[in-house]
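J.: Line by line, the protein sequences give chains A and B. For what it's worth, my numbering labels the leading residue of the first sequence as 2, then goes sequentially. For what it's worth, my numbering labels the leading residue of the second sequence as 66, then goes sequentially.
Hints may contain errors.
Here are some chain B residues pointing at chain A (derived, C-beta under 8 Å) [claimed, not checked]:
1. Gly179
2. Thr184
3. Arg208
4. Val285
5. Gly291
6. Ala331
7. Gly334
8. Thr373
9. Ser454
10. Asp455
Calculated pairs, DSSO-like style, for lysine-lysine (alpha carbon to alpha carbon, straight line, at most 27 Å) [said to hold, decoys possible]:
11. B:Lys345 with A:Lys97
12. B:Lys369 with A:Lys123
13. A:Lys60 with B:Lys447
In short, the hints are calculated from the structure, not lab data. Heads up, the beta-carbon is just placed ideally off N, CA and C, and yes, glycines get one too.
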Amino acid sequence: MKVTYKLVYWLMLALIAQIKPAHSADTKKAEEIMKQATQAFYYQGKDQVSTIKMTIVDKQGRQRKRELVMLRKNMGEGQGEQKYYAYFNFPTDIKKMVFMAWKNIQSEDDRWLYLPALDLVKRIAASDVRTSFVGSDFYYEDVSGRSVSVDEHLLIAEDKQYFTVKSTPKDPSKVKFKNYITKIDKKNNIPMLVEYYDHQDKIYRRYKTLEIESIEGFDTIVKNEMANLLNDNKTTVEYLNVKYSQDIPERIFSERYLRRKPKGYVQ
Amino acid sequence: MHSKCYIFLVLLLLFNIKVVLASETSTNGLLEIRYGYRENNTEGQKRTSINELKIQLNTESEFDELVFNLSLDLKSDAVDNEHSIDLNSGEGNVDLRQFNVLFYPSDNIDIKVGRQILTWGTTDLLFINDLFPKDFKSFFIGRTEGYLKAPSDAIKISFFPKIANFDLVYIPKFNADRFVTGERISFYDPILQDFRTSNNPIITKNKSDWFNDDELAMRVTKNIEGLETALYYYKGFWKSPSFFDIESELWEFSNLEVTGASIRTAFSGGIFNAEIGRYKSDSLSKNNPFSRNSELRFLLGFEKELLTELTASLQYYTEKKLNYSNYLNSLPELVLAQPKRRRLVSLMMTKLMLQQNLTLSLVNIYSFTEKDGYIKLNASYKFSDRFKSDIGWNRFFGSGDESNFSGLKRNNNLYAGVSYTF
Chain A
2 MKVTYKLVYW
12 LMLALIAQIK
22 PAHSADTKKA
32 EEIMKQATQA
42 FYYQGKDQVS
52 TIKMTIVDKQ
62 GRQRKRELVM
72 LRKNMGEGQG
82 EQKYYAYFNF
92 PTDIKKMVFM
102 AWKNIQSEDD
112 RWLYLPALDL
122 VKRIAASDVR
132 TSFVGSDFYY
142 EDVSGRSVSV
152 DEHLLIAEDK
162 QYFTVKSTPK
172 DPSKVKFKNY
182 ITKIDKKNNI
192 PMLVEYYDHQ
202 DKIYRRYKTL
212 EIESIEGFDT
222 IVKNEMANLL
232 NDNKTTVEYL
242 NVKYSQDIPE
252 RIFSERYLRR
262 KPKGYVQ
Chain B
66 MHSKCYIFLV
76 LLLLFNIKVV
86 LASETSTNGL
96 LEIRYGYREN
106 NTEGQKRTSI
116 NELKIQLNTE
126 SEFDELVFNL
136 SLDLKSDAVD
146 NEHSIDLNSG
156 EGNVDLRQFN
166 VLFYPSDNID
176 IKVGRQILTW
186 GTTDLLFIND
196 LFPKDFKSFF
206 IGRTEGYLKA
216 PSDAIKISFF
226 PKIANFDLVY
236 IPKFNADRFV
246 TGERISFYDP
256 ILQDFRTSNN
266 PIITKNKSDW
276 FNDDELAMRV
286 TKNIEGLETA
296 LYYYKGFWKS
306 PSFFDIESEL
316 WEFSNLEVTG
326 ASIRTAFSGG
336 IFNAEIGRYK
346 SDSLSKNNPF
356 SRNSELRFLL
366 GFEKELLTEL
376 TASLQYYTEK
386 KLNYSNYLNS
396 LPELVLAQPK
406 RRRLVSLMMT
416 KLMLQQNLTL
426 SLVNIYSFTE
436 KDGYIKLNAS
446 YKFSDRFKSD
456 IGWNRFFGSG
466 DESNFSGLKR
476 NNNLYAGVSY
486 TF
């Protein structure tokens, strides 16, 4: 009898050892790092108001600009639902256009577009979140955030200043990249560099944080860029007049304020 | 004519005063050239469908809690240069698109007074509960999308209590659609049993009695976690001529009352919508075959992004005459009866390319009942943030001349436009 118990005991130990991958500590730590990076990038403060100036430059050096005021509100504690409101001031042909999104965690986001010439509130059926945001090199997902739980994360390097995390999608069919590598500043958890690899292990997309400022106690990205290495396009974004904790009421993120800009928040 | 010029001058003056007083003003504009050419030369209409030079001026001024809006088109169209200024139909050299003031008497109420563009409902092109004026004429000659809606002179009051949102629109003097009369866009008139062209456009009896020929539109909406629900009510008149008075030989706008509802929600990776409306047409005209019947209209729609930046939307629409036996009984012998039920399907596709600078779009409406339809193809390209150009093709099809779309076949056209925003 005793022998049987011992055998079962050893067998179970062996099994547990099999299940647990060798680098489990790294995986867990990496996921925690990515959560903190997401917090620093997308969730700082209860809410945020900023003026966004985008410059899109193509291979021939032609420039296109976008100017918008973005409002963001966290709906609960932690990295949960958020509401976004973007009011366009430039180019002139889309002035007063508003993009609104309710970011959901369990389901796809709800998105609306207001077209002022028609006074039309259009619901957007964009199932692919990895498409260009207003013609820039940033994807919609880069603007609203990619959920940490959809990728496997692995800490592949660490030095005095940076964590380097490799992230691989759990469902590769939903994305073009094979994986991406994020370099995160230990000091403030801000991702400084993100490189997306294709299936030939070549970098085809590169994000860089260019400038950081401390605003109301939060280290905040005030300038960043996304380069598309396939077509040599690059989008640089400046974030001006960034303000946190403005107590933006939830009602701002509704049809009423698509038709009428929320004074005090949008100039 | 003179009085209209004065109105215009007064408007401009007011606009100037407003700009001086305003604490914050933003002004922008657009310069556009648009040209369109018909596929065929037919009697009673020019080969050129549009030949327009236009300057649009937009200003928004904030003065404390008031927001003033002005949007004005000054235009010259070689195809139609004889019209005097008519702010209702938009004909002539001036089209006042918006002239309104928005204010907030309390935290829960928004009020907009003046000339404004109004839209509601969930449908696209096949409208049910949106009874604000449309301008299909502009749409069919290839003006840009924003011109599908014509302005209303209205007071819009919106209430936002916790329970739901309420909108009330009062239009003191009837605003008709900018409907097809025969001028510029010809059509087959089953009563005349011939085409209406610029030689013999339909003549309507105007509804222009302030506070008597008025319209009321109401809506209640509630967004339940992304499920958008709405109820609608409208009391006014058919927006396009709906009744032919055999004695006076004038077209009229008969009374109309509409009650309806809609829902819209995210579903299966796309957007699903359904809308229903009951059109109660004036019973006085029951025994006139050339009068619109009461109708039940219903639409189902689904829109989805099929591939990256390729969106398709499909709508199924039915329209049923509710007093069909009355209609049949009153019909003279030689006139072909319209079917009891019309069934239409629409397919719209939009593809964005070249960093979203190129937009290709297709609109296709097909009537199963009449076996006719309409196709619009458009390509627009942004050369820069300010320069934009588009080309397109409007095409109606169907056998014979007598049905809705095939009766518009003579207007098939190609068009192109270039615009500069400043």
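J.: Just pull the numbers of the violated hints for me, sorted ascending.
T.: 1, 3, 4, 9, 10, 11
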